[in-house]
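All chains, please: the whole structure from these sequences, using the hints.
Protein chains: 4
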Amino acid sequence: MRQRLNFWVIGGDPRQMTLARSLAEDGHTVHTYALDRGGEPSLAADGLAGAAVADCVVLPLPAADGENLNAPLSSLRLPLAQVLDTLRPGQLLCAGMADARLVQAAEARGLTLRDYFAREELAVANAVPTSEGAIQIAMEELPITLHGSKALVVGYGRLGHVLARQLRGLGAAVSVAARNYTDLAWAQVWSYGVERSDQLSGWLCGYDLVINTVPAPVLGRAELADLKPGCLVIDLASKPGGVDFTAAAELGVKVIWALSLPGKTAPVTAGLAIKNTIYNILTELGV
Amino acid sequence: MRQRLNFWVIGGDPRQMTLARSLAEDGHTVHTYALDRGGEPSLAADGLAGAAVADCVVLPLPAADGENLNAPLSSLRLPLAQVLDTLRPGQLLCAGMADARLVQAAEARGLTLRDYFAREELAVANAVPTSEGAIQIAMEELPITLHGSKALVVGYGRLGHVLARQLRGLGAAVSVAARNYTDLAWAQVWSYGVERSDQLSGWLCGYDLVINTVPAPVLGRAELADLKPGCLVIDLASKPGGVDFTAAAELGVKVIWALSLPGKTAPVTAGLAIKNTIYNILTELGV
Amino acid sequence: MRQRLNFWVIGGDPRQMTLARSLAEDGHTVHTYALDRGGEPSLAADGLAGAAVADCVVLPLPAADGENLNAPLSSLRLPLAQVLDTLRPGQLLCAGMADARLVQAAEARGLTLRDYFAREELAVANAVPTSEGAIQIAMEELPITLHGSKALVVGYGRLGHVLARQLRGLGAAVSVAARNYTDLAWAQVWSYGVERSDQLSGWLCGYDLVINTVPAPVLGRAELADLKPGCLVIDLASKPGGVDFTAAAELGVKVIWALSLPGKTAPVTAGLAIKNTIYNILTELGV
Amino acid sequence: MRQRLNFWVIGGDPRQMTLARSLAEDGHTVHTYALDRGGEPSLAADGLAGAAVADCVVLPLPAADGENLNAPLSSLRLPLAQVLDTLRPGQLLCAGMADARLVQAAEARGLTLRDYFAREELAVANAVPTSEGAIQIAMEELPITLHGSKALVVGYGRLGHVLARQLRGLGAAVSVAARNYTDLAWAQVWSYGVERSDQLSGWLCGYDLVINTVPAPVLGRAELADLKPGCLVIDLASKPGGVDFTAAAELGVKVIWALSLPGKTAPVTAGLAIKNTIYNILTELGV
Numbered sequence: 069m070r071q072r073l074n075f076w077v078i079g080g081d082p083r084q085m086t087l088a089r090s091l092a093e094d095g096h097t098v099h100t101y102a103l104d105r106g107g108e109p110s111l112a113a114d115g116l117a118g119a120a121v122a123d124c125v126v127l128p129l130p131a132a133d134g135e136n137l138n139a140p141l142s143s144l145r146l147p148l149a150q151v152l153d154t155l156r157p158g159q160l161l162c163a164g165m166a167d168a169r170l171v172q173a174a175e176a177r178g179l180t181l182r183d184y185f186a187r188e189e190l191a192v193a194n195a196v197p198t199s200e201g202a203i204q205i206a207m208e209e210l211p212i213t214l215h216g217s218k219a220l221v222v223g224y225g226r227l228g229h230v231l232a233r234q235l236r237g238l239g240a241a242v243s244v245a246a247r248n249y250t251d252l253a254w255a256q257v258w259s260y261g262v263e264r265s266d267q268l269s270g271w272l273c274g275y276d277l278v279i280n281t282v283p284a285p286v287l288g289r290a291e292l293a294d295l296k297p298g299c300l301v302i303d304l305a306s307k308p309g310g311v312d313f314t315a316a317a318e319l320g321v322k323v324i325w326a327l328s329l330p331g332k333t334a335p336v337t338a339g340l341a342i343k344n345t346i347y348n349i350l351t352e353l354g355v
Numbered sequence: 069m070r071q072r073l074n075f076w077v078i079g080g081d082p083r084q085m086t087l088a089r090s091l092a093e094d095g096h097t098v099h100t101y102a103l104d105r106g107g108e109p110s111l112a113a114d115g116l117a118g119a120a121v122a123d124c125v126v127l128p129l130p131a132a133d134g135e136n137l138n139a140p141l142s143s144l145r146l147p148l149a150q151v152l153d154t155l156r157p158g159q160l161l162c163a164g165m166a167d168a169r170l171v172q173a174a175e176a177r178g179l180t181l182r183d184y185f186a187r188e189e190l191a192v193a194n195a196v197p198t199s200e201g202a203i204q205i206a207m208e209e210l211p212i213t214l215h216g217s218k219a220l221v222v223g224y225g226r227l228g229h230v231l232a233r234q235l236r237g238l239g240a241a242v243s244v245a246a247r248n249y250t251d252l253a254w255a256q257v258w259s260y261g262v263e264r265s266d267q268l269s270g271w272l273c274g275y276d277l278v279i280n281t282v283p284a285p286v287l288g289r290a291e292l293a294d295l296k297p298g299c300l301v302i303d304l305a306s307k308p309g310g311v312d313f314t315a316a317a318e319l320g321v322k323v324i325w326a327l328s329l330p331g332k333t334a335p336v337t338a339g340l341a342i343k344n345t346i347y348n349i350l351t352e353l354g355v
Numbered sequence: 069m070r071q072r073l074n075f076w077v078i079g080g081d082p083r084q085m086t087l088a089r090s091l092a093e094d095g096h097t098v099h100t101y102a103l104d105r106g107g108e109p110s111l112a113a114d115g116l117a118g119a120a121v122a123d124c125v126v127l128p129l130p131a132a133d134g135e136n137l138n139a140p141l142s143s144l145r146l147p148l149a150q151v152l153d154t155l156r157p158g159q160l161l162c163a164g165m166a167d168a169r170l171v172q173a174a175e176a177r178g179l180t181l182r183d184y185f186a187r188e189e190l191a192v193a194n195a196v197p198t199s200e201g202a203i204q205i206a207m208e209e210l211p212i213t214l215h216g217s218k219a220l221v222v223g224y225g226r227l228g229h230v231l232a233r234q235l236r237g238l239g240a241a242v243s244v245a246a247r248n249y250t251d252l253a254w255a256q257v258w259s260y261g262v263e264r265s266d267q268l269s270g271w272l273c274g275y276d277l278v279i280n281t282v283p284a285p286v287l288g289r290a291e292l293a294d295l296k297p298g299c300l301v302i303d304l305a306s307k308p309g310g311v312d313f314t315a316a317a318e319l320g321v322k323v324i325w326a327l328s329l330p331g332k333t334a335p336v337t338a339g340l341a342i343k344n345t346i347y348n349i350l351t352e353l354g355v
Numbered sequence: 069m070r071q072r073l074n075f076w077v078i079g080g081d082p083r084q085m086t087l088a089r090s091l092a093e094d095g096h097t098v099h100t101y102a103l104d105r106g107g108e109p110s111l112a113a114d115g116l117a118g119a120a121v122a123d124c125v126v127l128p129l130p131a132a133d134g135e136n137l138n139a140p141l142s143s144l145r146l147p148l149a150q151v152l153d154t155l156r157p158g159q160l161l162c163a164g165m166a167d168a169r170l171v172q173a174a175e176a177r178g179l180t181l182r183d184y185f186a187r188e189e190l191a192v193a194n195a196v197p198t199s200e201g202a203i204q205i206a207m208e209e210l211p212i213t214l215h216g217s218k219a220l221v222v223g224y225g226r227l228g229h230v231l232a233r234q235l236r237g238l239g240a241a242v243s244v245a246a247r248n249y250t251d252l253a254w255a256q257v258w259s260y261g262v263e264r265s266d267q268l269s270g271w272l273c274g275y276d277l278v279i280n281t282v283p284a285p286v287l288g289r290a291e292l293a294d295l296k297p298g299c300l301v302i303d304l305a306s307k308p309g310g311v312d313f314t315a316a317a318e319l320g321v322k323v324i325w326a327l328s329l330p331g332k333t334a335p336v337t338a339g340l341a342i343k344n345t346i347y348n349i350l351t352e353l354g355v
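Residue numbers (the numbering used here), protein chains in the order written: chain A, 69 to 355; chain B, 69 to 355; chain C, 69 to 355; chain D, 69 to 355.
Certain hints may be false.
Chain copies aren't distinguished; within one or between two, either way the pair holds.
[Said to hold, decoys possible] SDA-like mimics (lysine to any residue), calculated; alpha carbons at most 20 Å apart, straight line:
{"no.": "1", "residue 1": "LYS332", "residue 2": "GLU208"}
{"no.": "2", "residue 1": "LYS218", "residue 2": "LEU340"}
{"no.": "3", "residue 1": "LYS332", "residue 2": "GLU209"}
{"no.": "4", "residue 1": "LYS218", "residue 2": "ALA241"}
{"no.": "5", "residue 1": "LYS332", "residue 2": "ARG89"}
{"no.": "6", "residue 1": "LYS343", "residue 2": "ASN248"}
{"no.": "7", "residue 1": "LYS343", "residue 2": "TYR249"}
{"no.": "8", "residue 1": "LYS296", "residue 2": "GLU93"}
{"no.": "9", "residue 1": "LYS343", "residue 2": "VAL257"}
{"no.": "10", "residue 1": "LYS343", "residue 2": "HIS96"}
{"no.": "11", "residue 1": "LYS218", "residue 2": "GLY261"}
{"no.": "12", "residue 1": "LYS343", "residue 2": "SER259"}
{"no.": "13", "residue 1": "LYS343", "residue 2": "MET165"}
Derived by calculation from the structure, the hints in this document are not laboratory data.
Structure representation (structure tokens):
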């Protein structure tokens, strides 16, 4: 990757502010647009004309808000198509959660589109602020310390691994619920208690905290009824979530459904993770 | 310690509520008084008369609010002297932070007074909710994750040990500032970075988070000026604290002075720790 | 899986002794054969005739020693074909490292062959005794404690993860060398130092211990020349290993090539891991 | 402490070799004597005459072997008195385990004697190689991995803390046996299982490994009879040890009594710890 590149960061939230600032600190030329309410002066300005010479144009995460650019820190309402029209064929466009419309629009204009949110290293890095955001919620809600509490992490993918470790790092007694033999073997290697995520009912009454990471209905009425009074449930699974919210309400189980934590609880960390991922993309492309 | 004792829990906050409930769950007879706004029915009621036959009378932490019993969950204003007058000579009275007046009053009435807050095992146990409360504050205030952050713990006593471990458990890069050779040796044994707490100035610019546990002026103007922009300072030291708050305000350093965290952030955990300490007292006395 | 099954454990080393004993402790009927020098009385005996009614026949790891059964604890030399001839079509045969000849022989006789060594959960479980065996070697060889040492783990697969964690658990400063972005992201999530395994030369001089897990030539002459005097190299990669042994000898670098550690250093743990894997196989087959 | 001092290192084992070498690497002038079989050329030589101008004379650990200097790496037999006679009044003499005779002899000659082995920071630092040496023994002796094993650490002083942490760092399930409430509170803070060291009998049958650090008879016949077959006992307590060795032999319990581990298993680490302690002594004396 070349050491002095020309970046345009267009639209986005505090993560893109961090991204732009950090790119500049690394010695690159950085222009921002539609980030004007970001709490500090735009690093560049005056229209999108200059974007046509950028080595890399960065769109936010998600890139689009309907037909418009996702630009919560700007008063501008920019159709995404209009942004793309300012670019030249062959330019590199990095976007987060690029939807079908954006893919098509980029292709039609001959742009090289890369979705940084689709890359595994970003998913790995984002597991950290997601986990820490969930822990913050648990600390705020529970009248006990996480230290000494009994916590269950449902699902043992990327996020489950980070959550289990951070919870134990605080001194919680952690169990992991998983389905396949390999995940269960890993849970034993890392010395966690083990539950079967397809046989949770009847095994839940000891926990003070249950955090779900599985985007499937794993905590239904039977499982929720099994929880002890005061047990907190945090659902980190994307829509439709993994908890039967209706049953929870009826049973008086407190459930907090927490989505998109990285951008909310640690925007600087999340922005730097996007930067690293874009650097990897550039390195792979030989830019 | 006998398995069925008669306890009176008089005054206090949610910690005493937990204490009373947990004593009852352990099979003891428990009466509460002046805890009537505790969010649940008093376990016993109707005047203090019965307290004269208690095996152990528990006063809150701190026991006194001026001349009165510390009873924030009650509409009663009870002079502490009046409470003591209901007791018999020889009875065991456990109180937290017993001041000179209470010591004298107990002695005058021939009561056996024990200050549970003065016991080291409670101080050890309380280090956990204090540490976790500080971590919660840091998570709420910082735009970065504690994971990957650089954190300095000033002072390496009980609280410093717990803080350093929990911060690292979350993935922070932790340094410890201490003065004497033994503490410095322990910091190395536990693989922390090491600073000299009497030579902090000039060594602080790398930290994202500084947590002070030393009740002495360790973070003065020179040290605060050395911090990088955005560094958060949390002061856990009891009055007068360890930070020059005037200088911090002038320098634009954000300082949060957080006192009495156990009762605030984890009253149930804190209440159970008091119970364990009282059990130890009873065991030692052969009750 | 049924709770009372009939197992035949035929041939093998102390791992199979453990397996047989533990199966019996779990309530199953267990017969062993060709394990007679195992240091304790065979749990069953007198020819292989009874094996034809076994619910599960277990062969060792590896199953074969040339054309014969691998049976280092027996004076018998049993052709593997002869063992299989005693079984009935449809019987379940669990073997470790089943080679082409065994696969063919089992198929010709209509046996249901499962290679337990090919299963990922066993590979995960075996990473633990391999890692611990390597740590034991390092402790024996080095005049320094692992605590406080600088250790590099080359390769960040299953074994690399366990090694890095155990080394840090002892207090070593651990770095991980990996190639792909996902592995590097994980190394950062777990707070290890990071090296690029394809660019090691020039970055090795600080390490006291280098443990290779990659079965490819990663530590060649240039890399070995970069090590500091006294640095210990442990190669855990299967043949042909990852170290240029000739160059190491010429450069005076001490290299220990340690293979098959689980069976050597922790045969009981390794035998129990085989048992668990066989249980999983039986459960999947609905036996 | 001044940056260029004149050291004489007289007598000793590989720890003193390391000490001498490391002092020289730090830029000091170093002379050794009676270390001639240390495997490398003495850094200095030819009689003790020059020692009279040393800023610091270092004797080994222990300093004396009867009336002579403890000098296992030398063919010389030097009466300690003769060594001291070469020194001038007021010179600083650092020795390990200085016995009454040495104290008296130093006083008689007006020497400033400091016993580095009596300092707490060295005791803290030495807990690490002792713990690691014990872990190495356990790895060598047990047919199971420490990971997943059940280990009991008897005594929760300096060594107990380090042992418990390193064992858990490898993945063992660790319990701590202690007596006083403060130690028990710490064991709970660090999430260890807890036993009462004065009530061990009847609570020992679950352990695979018991490591004693208490120099008092804690593992008598009743306790040893309670261990499960194959349980390994390691006694790290100095004489007379904490185990009833006769009973152990009769009961067939394997006990390994391991003393002076730092010098044996990690002489380089142990030597560097002595150096740091001597530096602290020099700093305190304003040398």
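- So which hints don't hold here, by number, going up? Nothing - there is no hint that the structure violates, so all of them hold.
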